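A.B. asks: 1 is the number of the first residue of the sequence shown in UniProt numbering; add one for each residue after it.
Since the hints were made in silico from the structure, they are not lab data. A portion of the hints provided could be inaccurate.
To be verified - Here are the in silico distance ranges between beta carbons for each label pair:
1) Asn119 with Ala81: 31 to 41 Å
2) Thr268 with Glu39: 41 to 51 Å
3) Gly230 with Glu44: 39 to 49 Å
4) Met200 with Gln91: 16 to 26 Å
5) Thr115 with Phe208: 33 to 43 Å
6) Thr115 with Lys20: 23 to 33 Å
7) Tyr59 with Ala81: 12 to 22 Å
8) Asp112 with Asp300: 45 to 55 Å
Since the model is a prediction, treat every value here as computed from it, not as a measurement. Even glycine gets a Cβ: it sits at the ideal position worked out from N, Cα and C.
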Amino acid sequence: MKGPLFYSKILLFGEYGIIKDSKGLSIPYNFYNGALKMEDNPSEVAQQSNKSLQRFADYLSKIDNSLVVFDIPSLNKDVNAGMYFDSSIPQGYGVGSSGALVAAIYDKYAQDKITVLENLTREKLLSLKAIFSEMESFFHGKSSGLDPLNSYLSLPILINSKENIEATGIPTQSSDGQGAVFLLDSGIIGETAPMVSIFMENMKQEGFRTMLKNQFIKHTDACVDDFLKGDIKSLFKNTKQLSKVVLNNFKPMIPAQFHELWKNGIETNDYYLKLCGSGGGGYILGFTPDIKKAQQALKDYKLEVVYNF
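Whole structure, please, built from the sequences with the hints as guidance.
C.D. replies: Shown next as structure tokens:
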């Protein structure tokens, strides 16, 4: 048995902001993927994954039936037979490893499921997002449901607000463009739950809430609009501002050894860094008007280009 592939995702803009209704833009990232599998001689990693699936199946059996109904007997039968999630998506890296698993389980075991081939109305997208949010909460404590949505549909998702999401098109990549979006490997595994609780703690302070609304969300929304319109000049201007706001106000989410590197990008304009997912490790997202300059400035790090302008 081998199920269909589900891909990783990158939230280009909107991390933390979407909790408070900023815009967001999430794109599938086909470099990593995962699928449900069974085999006769499972590796130790496969056995660990199977144990985790047993706990997940137990959790899914208790989800409110008015939201979604799963074929639990089939799921339990497959899990007991050794099914696991075979994935190349790095965990704790902000590229949606649990999202792909949630999408795969929904695809195989949900009854009356909403399929990718239907006319995806806003109601259907919101309904999927609510189901995925409930499912993925098993892994993170609180989930927006966007990672699995992106993985399940394999389409870019534009978040206008919590109640307004749509599948969207993004400008075609320019294969010989100098500008790029890249991933920088921090070499550290990040954990979502502790980062989200730091954010929620900070939200109790009025000053932090004001900064979020007047600076973070303002620049995030502008970046999303610029990206979708293909206004690259304005995009870099707003990404630089966003990078500054994050450095000044989200320090705990940036591993300490990257603070200088972050600042250096803003000062030289060679690249601008931002959080990829909740931060704390994993990948850091970078934007650069000139990828050769960025590669030179960051030559000690592993970069993966994900989009060219």
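A.B. asks: Now tell me, hint by hint, if it's right for this structure.
C.D. replies: Hint-by-hint comparison with the structure:
1. Asn119 with Ala81: 31 to 41 Å: holds (36 Å)
2. Thr268 with Glu39: 41 to 51 Å: holds (50 Å)
3. Gly230 with Glu44: 39 to 49 Å: Holds, at about 47 Å.
4. Met200 with Gln91: 16 to 26 Å: Because 22 Å falls inside the window, the suggested range holds.
5. Thr115 with Phe208: 33 to 43 Å: holds (41 Å)
6. Thr115 with Lys20: 23 to 33 Å: Distance hint for Thr115, Lys20 holds at roughly 32 Å.
7. Tyr59 with Ala81: 12 to 22 Å: holds (19 Å)
8. Asp112 with Asp300: 45 to 55 Å: About 52 Å separates the Cβ atoms of Asp112 and Asp300, which means 45 to 55 Å holds.
The structure shown violates none of the earlier numbered hints.
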